[in-house]
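Enquirer: Chain by chain, the residues run as shown.
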Amino acid sequence: MASSVLSLRGVTKRFGGLVAVNAMDFDVAEREVVGLLGPNGSGKSTTLNLVSGALPLSSGSVSLWGSRISGLPAQTINRKGVSRTFQLVRLLASMNVRENVVAGAVFGHRRRWGRDAYDHAEMLLEKVGLGGKGDMALGQLTYIDTKRVELARCLASDPKVLLLDEWLAGLNPTELQIGITLIKSLRDEGRTIILVEHVMDAIRSLCDRCVVMAAGAKIAQGTPSEVLSDKEVIRAYLGDDDA
Amino acid sequence: MSLTATDIRNLCLSALALGICALLPFGDNGYWLGLGVTIAMFTALATSWALFSGPTHYISLATAAFFGVGTYVTGLGIETLPFWALVILAGGIGAVLAALVGLATLRLSGVYFVIFTLGLAELVRQAITWVQNNSGQKGLYVLTDLDEAGIYWWLLGLTALVLLGGWMIGRSRLGFALRIIGDDETVAAHSGINTARAKVLLFMVPGAVAAMTGAILAPRYVYIEPSLAFAPILSFQVVIMALLGGASRLWGPLVGVIPFTFLLEAVSSNFPNQTTLVIGIAFLVIVYLLPKGFVGLLDAVLHRINKTGAV
Ligand SMILES: Nc1ncnc2c1ncn2[C@@H]1O[C@H](COP(=O)(O)OP(=O)(O)OP(=O)(O)O)[C@@H](O)[C@H]1O
Ligand SMILES: [Mg+2]
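Keeping their order, the protein sequence lines are chains P and V. One point on numbering: in the working numbering, the residue at position 200 of the first sequence is 200, and numbering is uninterrupted. One point on numbering: in the working numbering, the residue at position 168 of the second sequence is 168, and numbering is uninterrupted.
Here chain P stands alone, though its shape is the one from the complex (with noise of 0.2 Å):
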């Protein structure tokens, strides 16, 4: 594999008796988009939880450009160069819409402020087709536009990393392309990725890799038709009597 820009080893979470997340393993290549698959409750936010710092890990390590982040603080890792998104949209409600990307852009990975962070949020804005609804109140925006303004602040301090937390989820068919699209664009743009995901259509198109894991552990990687034809994650997905 090219230069790993992340890696996983043994990666394990437990909370009290269960085992959330059990000695993961994982590289993701510069430039790549992961896809991290895996039925309800399985430890997908788990793992990404632990890669951002948001929780300790009880075991393993997780590396980026091969200097370990794991056991830092999520302020750290995201001055590190990785950002992400929650699988429940985590807004700032005392703020606009303009402001709530400001906030992403002050103190992360690439430092703006003043004139410099207002111009960058604008220009956000505009990416993830909020173009012209800076100036909102939070409680006017739509379900989907409430997912672009949290991807907007994530992308604001200009993050190497990106973890995308169910970011398609809740979509109709038409922002589910638009929303296919704009990730395109960011990987295009040089990002890595990793993608917390249900969507077939979405896992189909934009995953180079997939990762899938059940009850904590990885179960199967690969090429998305590979996984999705691998009789243990369907096994997984569908329940031991089906298969």
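Among the hints, a few may not be true.
Said to hold, decoys possible - With beta-carbon atoms standing in for the labels, derived distance ranges:
no., chain 1, residue 1, chain 2, residue 2, range
1, P, Ser58, V, Gly92, 37 to 47 Å
2, V, Ser172, P, Glu189, 46 to 56 Å
3, V, Ala17, P, Ser94, 20 to 30 Å
4, P, Gly131, V, Arg171, 18 to 28 Å
5, P, Glu126, V, Val267, 34 to 44 Å
6, P, Ala93, V, Asp28, 41 to 51 Å
What the hints assert, rightly or not - If the Cβ cut is set under 7 Å, some of the chain V residues that face chain P in the computed set are:
no., residue
7, Asp183
8, Asp184
9, Val187
10, Ala189
11, His190
12, Ser191
13, Gly192
14, Asn194
15, Val200
16, Leu201
Calculated directly from the structure, the hints in this document are not laboratory data. Ideal Cβ placement from N, Cα and C applies to all residues, glycine included.
We have chain P; now place chain V with the ligands onto it with these hints.
Expert: Below, chain V with the ligands without anything else, positioned relative to chain P:
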């Protein structure tokens, strides 16, 4: 960011207002000046309190602790150091103490923070009482030639500093970071903000200001002892005034301080034993009727006017 014309106008108007306030001792040297001292004192305390607690929603009851430490700095040092040096020294000690408290507690959730800060004032008070009992000393005399007018000008200067500092923090990265933290700490951390550091840094401001206020007011008490310097009621008064005005704007607390000072003054001169009761009732009124203070009320009214105006 550079100053806009509105910024400059507001700065000039504020300077003018302060200049007018500075004239008070020439008009009256008794009742009104005394009230002026109280208002200036609570404005400095409540405004600096709101700088931290407004965005973070951490309710600090540590004002009395910092204030008491400040009065003791003056009490202990007045024989050896000039007054201005004591005020600065108190600010430094208050800031360091606040940093220590912040490092120890700001990782805790809100409730623990409240209890800890309340306990802090009591802890320092007990410690000083213990030292005094063991050294056979009861209290401290603070004898200076600083009169009421002098104290008033010192407090007014401090208030001006707090307002200016608060305005600058509001425009700074630190101020912006605190707003983000107040909205969602997880997002803040994932946006590259060192949340612990930002909170500790900003918590040092009310710590320093309360200690300086205590240092400035020490000469007014003449004789200071722990129960006076560390009176817990002060912490509650500051919280109530700041919330009554509204902690979401720089000028919010001022809007709470002025009416509340007059109210307390009227009550304490007519029913001297009922001040605590008034504070209690005020607290209930704020929580039930004005959760966002006068500022929130004003915003709601303006919002309604805008709406009906637009239709
Ligand atoms: N903070 C937590 N404390 C305790 N248990 C948790 C915590 N976070 C997740 N879990 C548990 O860990 C397991 C994996 O959850 P996770 O959210 O990672 O799944 P997921 O693959 O993202 O599922 P979904 O597709 O539903 O989003 C679940 O059983 C969940 O209940
Ligand atoms: Mg999930």
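Enquirer: Run every hint past the structure and note whether it holds.
Expert: To see whether the hints hold, each was checked on the structure:
At about 43 Å, the beta-carbon gap between Ser58 (chain P) and Gly92 (chain V) stays in the expected band of 37 to 47 Å. Between Ser172 (chain V) and Glu189 (chain P) the CB atoms are about 31 Å apart, so this pair departs from the stated range of 46 to 56 Å. Range check, Ala17 (chain V) to Ser94 (chain P): Cβ separation about 28 Å, and the 20 to 30 Å hint holds. A hinted range of 18 to 28 Å holds for the C-beta pair Gly131 (chain P) and Arg171 (chain V), which are about 27 Å apart.
Evaluation of the 34 to 44 Å hint for Glu126 (chain P) and Val267 (chain V) yields a failure: the beta carbon distance comes to about 58 Å. Distance hint check for Ala93 (chain P) and Asp28 (chain V): the Cβ-Cβ separation is about 46 Å, which falls inside the suggested range of 41 to 51 Å. At a threshold of 7 Å, the smallest CB-CB gap from Asp183 (chain V) to chain P is about 4 Å, leaving the interface hint in force. Taking 7 Å as the C-beta cut-off, the interface hint given for Asp184 (chain V) holds, the closest approach to chain P being about 6 Å.
At its closest, the beta carbon of Val187 (chain V) sits 5 Å from a beta carbon of chain P; the interface hint therefore holds under the 7 Å criterion. Among the interface hints, the one on Ala189 (chain V) holds; its C-beta lies about 4 Å from the nearest C-beta in chain P, closer than the 7 Å criterion. With its C-beta approaching chain P no nearer than about 5 Å, His190 (chain V) sits inside the 7 Å limit, and its interface hint holds. Interface hint at Ser191 (chain V): satisfied, since its Cβ lies 5 Å from the closest Cβ of chain P, which is below the 7 Å cut-off.
Nearest Cβ of chain P to the Cβ of Gly192 (chain V): about 4 Å, under the 7 Å cut. The hint holds. Look at Asn194 (chain V): its Cβ gets to within about 5 Å of chain P, closer than 7 Å, so that hint holds up. Restraint check, Val200 (chain V) versus chain P: the minimum CB separation of about 14 Å is more than 7 Å; hint violated. The beta carbon of Leu201 (chain V) comes no nearer than 14 Å to any beta carbon in chain P, farther than 7 Å, and the hint placing it at the interface is violated.
The structure fails hints 2, 5, 15, 16 (numbered hints given earlier, in ascending order).
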